[in-house]
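One letter stands for each residue in the lines below.
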Amino acid sequence: MTGLMDPLPKMTPSPSTAADSTQRRLLMALAAPVGAITFSFIAATIMLFIAGSNPFEAYGDMLGHASKLETQVSMINRATPLYISGVAAAIGFKMNLFNIGVEGQYRMAAIFAAYVGGAVALPGVFHIGLIIVVAMLVGAAWAGLAGVLYTHRGINEVIATIMLNGVALGVIAWLVRSWQAEGNIAQVGVGTERIESSGIIPNLSWIPETLFRDLTGTGELTGVLIIAIAVGVIYHVLLNRTIFGFELRASGLNPRAARAGGVPPRRMALTAMLLSGGIGGLVGIAEIMDKGRYNPNFVGGLGFNGIGIALLGRNHPAGIAVGALLWAFLEASSDILQNQGTAPKEIIDIMRGVILLTVVIGYEVVSRIRKRDEAARAAARLTESTS
Amino acid sequence: MKALDRLPTSLRWMALTAIGVLALAVIEIITDSNGLTTGSQAGATLRWAAPIMLAGLGGLFAERAGVVNIGLDGMMILGMWFGAWGTINYGPWAGLAFGILGGALGALVHAIATVSFGVDQIISGVAILIAAPAVTRYLSIEIFADYDGGAITQSPRLESAGKFTFPFFAGGDLFGWKSPDMLGWFNAKDYPIVSDLTEVARGITFNLSMFTVVAYALIPVIAFVLWRTRFGLRVRICGENPAAGESQGINIYAYKYAAVLLSGALAGFGGVFIASPELGGIYQEGSTNSAGFIGLSALIVGNWRPAGVMAGALLFGYPRALGLRDLDGGSTHALLLVAALVLFAVAVGNFRKRNYTDTVLAGAIGGASLLWFLISDTVADWFIGILPFIIVLLVLTFFSQRLRMPATAGQAYRKGET
Chain W
1 MTGLMDPLPK MTPSPSTAAD STQRRLLMAL AAPVGAITFS FIAATIMLFI AGSNPFEAYG
61 DMLGHASKLE TQVSMINRAT PLYISGVAAA IGFKMNLFNI GVEGQYRMAA IFAAYVGGAV
121 ALPGVFHIGL IIVVAMLVGA AWAGLAGVLY THRGINEVIA TIMLNGVALG VIAWLVRSWQ
181 AEGNIAQVGV GTERIESSGI IPNLSWIPET LFRDLTGTGE LTGVLIIAIA VGVIYHVLLN
241 RTIFGFELRA SGLNPRAARA GGVPPRRMAL TAMLLSGGIG GLVGIAEIMD KGRYNPNFVG
301 GLGFNGIGIA LLGRNHPAGI AVGALLWAFL EASSDILQNQ GTAPKEIIDI MRGVILLTVV
361 IGYEVVSRIR KRDEAARAAA RLTESTS
Chain D
388 MKALDRLPTS LRWMALTAIG VLALAVIEII TDSNGLTTGS QAGATLRWAA PIMLAGLGGL
448 FAERAGVVNI GLDGMMILGM WFGAWGTINY GPWAGLAFGI LGGALGALVH AIATVSFGVD
508 QIISGVAILI AAPAVTRYLS IEIFADYDGG AITQSPRLES AGKFTFPFFA GGDLFGWKSP
568 DMLGWFNAKD YPIVSDLTEV ARGITFNLSM FTVVAYALIP VIAFVLWRTR FGLRVRICGE
628 NPAAGESQGI NIYAYKYAAV LLSGALAGFG GVFIASPELG GIYQEGSTNS AGFIGLSALI
688 VGNWRPAGVM AGALLFGYPR ALGLRDLDGG STHALLLVAA LVLFAVAVGN FRKRNYTDTV
748 LAGAIGGASL LWFLISDTVA DWFIGILPFI IVLLVLTFFS QRLRMPATAG QAYRKGET
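These protein sequence lines are chains W and D, in that order.
The opening position of the first sequence corresponds to residue 1 in my numbering, with each subsequent residue numbered one higher.
The opening position of the second sequence corresponds to residue 388 in my numbering, with each subsequent residue numbered one higher.
Isolated chain W (complex conformation) (with noise of 0.2 angstroms):
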């Protein structure tokens, strides 16, 4: 028996035991997502086949689609709003919140900031800057009534960010049709005032043409993809490299602990929430500057597919990025095999599904694998110290 007293065993393990346990690591971290990735793959190689398709050649279809340029410039475009919102709920994971809320906020933003942008005519940074400000504004009003619901009330976060889904998707059926373009009573679901040139962002489709050849009639780089990069810089450089990040991170691992260093969770959390909302706010800008207006079929299901792509880049930057890529890959995909007469494009959706489940039970199988071989080199080390 070892004592309190007694010296800690020796943490020196020999050379080839650290070389194996750092191979061992590399590989556990990337056995999730490979595993998750062919796990879905196998499924959606079942579904095809049920469908009636020839897998492989829905996969070659695949790839060949995704080789493109025209279909490499789309993915990025598709890539641009999921990242965003990726983002927006790493940044309450990082705070050990859920915003499963970024739907409504980023929705709520979108319609505010168009009818705004549709308002005025403003020169054009002032004009790209306002609409990028009130959507920034709405999304995190809209967030930060829940954080207050949760800091002030202690309502938890989840139930109160799904009713405020709810109470947004209502209001914006109104707030659309209240705000109706006008001129256009014929038109019904026409959406917003369309916002004037000035208001857009200009495309970025002169690197592409620059680097490989020209686009013209076949697709446009969104601009909105600077703002992206942006986010993701911000987003790294806040969390890691200042001390807010540091405290947001100490107060989303242990509230306690933190506060005893002198960080009020409250605020934190609240912070927290309206960061999240803020950031979640600029997921329909791309939407916004491709159509130029909300319209009544504006596009859903970002801000939920935006915490899958957060599970699955683990709140990292670059892994959210990778994400965002895949999820648009996916969707790319899924109109090749639509239009091929492959499969139906629905399979993609199953499949993210899929990917996202199979991760997040790979991230937990290997987390426990994980702490049951510390567990063990520990006993080991602890056997060895006091025999």
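Everything labelled a hint here was simulated from the structure, so no lab data went into it.
One or more of the hints may lead you astray.
Facing chain W, according to a computed beta carbon distance under 7 angstroms, are these residues of chain D, among others [said to hold, decoys possible]:
| no. | residue |
| --- | --- |
| 1 | A500 |
| 2 | F504 |
| 3 | V506 |
| 4 | I509 |
| 5 | A514 |
| 6 | V522 |
| 7 | Y525 |
| 8 | L526 |
| 9 | F680 |
| 10 | I773 |
| 11 | F776 |
With a straight-line Cα cutoff of 25 angstroms, these simulated SDA-like cross-link-like pairs (lysine to any residue) come out [claimed, not checked]:
| no. | chain 1 | residue 1 | chain 2 | residue 2 |
| --- | --- | --- | --- | --- |
| 12 | W | K371 | W | I42 |
| 13 | W | K371 | D | A630 |
| 14 | W | K371 | D | R801 |
| 15 | W | K345 | D | K565 |
| 16 | D | K802 | W | E331 |
| 17 | D | K565 | D | V601 |
| 18 | W | K345 | D | A538 |
| 19 | W | K68 | W | E331 |
| 20 | W | K371 | D | I752 |
| 21 | W | K291 | W | L30 |
| 22 | D | K802 | D | Q635 |
| 23 | D | K802 | D | S503 |
Simulated restraints on C-beta separations [as the list claims (entries may be wrong)]:
| no. | chain 1 | residue 1 | chain 2 | residue 2 | range |
| --- | --- | --- | --- | --- | --- |
| 24 | D | A751 | W | V125 | 34 to 42 angstroms |
| 25 | W | I46 | D | Q798 | 32 to 40 angstroms |
| 26 | D | A481 | W | V322 | 40 to 48 angstroms |
| 27 | D | D764 | W | T218 | 47 to 55 angstroms |
Keep in mind that this is a model prediction, so the values were computed, not measured.
Here a beta-carbon is modelled for each residue, glycine too, at the ideal position from N, C-alpha and C.
Given chain W, put chain D in place with the hints provided.
Below, chain D alone, put in the same frame as chain W:
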């Protein structure tokens, strides 16, 4: 209120219902609207509340076992699809069975992820919410699109499981003999207030669908199972203190699985109900209309108890049924006054408890509601849609101390860990 608290639970519910109906009848007179207390409104409320209640009961089982299930809406969608498919191929009762299985299938995924692997329960729910509509769309493309009258987003029309009228109360048949229609007799007399009550009572006993009867019969059954049987006690210990349960030799995982599967089964029933001729009459994409989430709200408002879930579902089903039948928006408009009065009562209650923040808050929201009532003549349908969510937020804001969710709901449990 004190006198009410002393009554046995069942009587208290009846008394509260009667008071509610009376208050509505009075408001009906004040605001000169009609439709708040008609029999058909009562019947419609039952129908619209049923899927919400079933989803809420589904949430009840899962959360009582310590598993939060925000994928209820997804499971309802699965239940709706499989229910429609079963109904078309094998008739309504088989359809119900298939719908229940469909919902349970979604729940099985949730159970594997959360119980066996300890995945975060919200995340698993989100995955189900993403995948379920895609699964049913895929199935519809493969199957319903080939049916006569079907499409990629909807099924052909479905057949009803039949109607039921209570004997003696509303003149239903009893083994081929037509029983007297007591409540109908009262209605015909047109006594003030009494006839309002009997009309509502007749509305909820006359010409109900079989599914409605089964759904509401589940309330006492589930209350009994959860509070009076060994199985129920064990399900609840999973949600309150699984480690203690394990020390008594209970297989916590097995009970959690059972509860989550039952949860999906009930949500599946809710889905079948939406597709049945009682409400939609077809499987149609998007027609759950967030009923799963509203069911979750009913669960919270109902304080994680079966009768409470039913009360919450009726509370949310009422404006929905009213909104659909109230074409000029007049009756819905009267609800604003109801809301204002309730909020003022909350404000007074808080004032007496010297809780001045809540007094001001409730008073302000009540005042806004009253103002809205006074300056407008009608209320748009969108307000009805968001009412459940607003109610649940208000209830949580003002009454969260009186609500108690199962202690370990939302937490993963692993054998041998405390």
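Check each numbered hint against the structure and report the violated ones by number, ascending.
8, 12, 15, 16, 20 and 21
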